[in-house]
Amino acid sequence: MKTTDPHPVDLPTLFSPIADDLGRVRERIGDVLTGAVWPVGDYLAQLDLSGGKMLRPALTLLSGQAVGPLKTDHIELAAIVEMIHLASLLHDDVIDQARTRRGQTSANVLWGNTQAVLLGDYILSRAFAMAAALNLPSAAEVMCQTAEAICTGEIRQNLRKGDRDLSESEYLTIIEAKTASLFGGCCYLGALAGCAEPSVCQSTRQYGMALGMAFQITDDLLDILGSSAQEGKTLGTDLFHEKLTLPVIYWLRQGDQRQRQAEFSRFAEQSDLAALGRAIRQSDAAAYTLSRAEAYVRTAKDSLNPLPDSASKDALLGLLSYVLSRGEPD
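Residue numbers (our numbering): 1 to 330.
Hint data in this document are derived by calculation from the structure and do not stem from the laboratory. One thing to keep in mind: the hints can contain errors.
To be verified - With beta-carbon atoms standing in for the labels, derived distance ranges: (1) Asn158 x Ser291: 25 to 33 Å; (2) Ser265 x Ile95: 19 to 27 Å; (3) Ala311 x Lys53: 17 to 25 Å; (4) Glu168 x His241: 15 to 23 Å; (5) Asp302 x Gly255: 47 to 55 Å; (6) Asp256 x Arg156: 27 to 35 Å.
Ideal Cβ placement from N, Cα and C applies to all residues, glycine included.
Produce the entire structure from the sequences given, and follow the hints as far as they go.
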């Protein structure tokens, strides 16, 4: 990509410095969740709890390894952040009425909204119990602050559903809370558990925050232009619920705004994702959206300057290329 040095964008290759450790994280999550008391463990055993990208635990491990050897605490922290993410997915699928997740039928479709919400709550409670048990007092505080930010971001987004006046600035505030805060927390905790200097911990947090912003921006573009089969989840939920994201916010502000408002109303009423996708492709909204993601990638790259050269730092840089490549139109 123009904004980064050439790096592989294949996640297994990027994660090769921590491949064995990620395996330990998967095992830890499986032991905690599928070993839960009946009937919770039976429900969770039917879900794909470790089949995702494992991006957030990888950020914790790579940030930790970039400042020193990994410790047992890193494995535990990586499991905790992935469990927080898993819980948020269960809740998101209820909010968005999604039908698939990771290529499988979503929990809310399998067992109903109530059970899906309660399963998410259970996973969250286990994650916070694990954080409290660590000999790292600030970890639990960071987790609580992150969970609070995620909830605040989701509440703000739901409050603004259907609001055609949502500004780009307000959109960025929402995704900083609901997505970037966890990315930043993952990186900060990895460096913190590695006993890095406070300034280095803050630099890794800044990297994670900027990466998270770029990730969510490209993810929102994929929700319009992507493939459900390729992404393994229900796409078009933002359109269905009229949650304005950056491509749409920009597109609505260009040309004849009254006409575009009318067009968007028609797309939303008919849940016509293909028509919205064509409109976005025929404008410069996708290019603008990617340019905003690229700006965050540059910030993330600069934030890694304090870290010494290493395979882990290379992987963190490579993730920047990966995030941008996700949003490139076919």
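Flag every earlier hint the structure violates by its number, smallest first.
5
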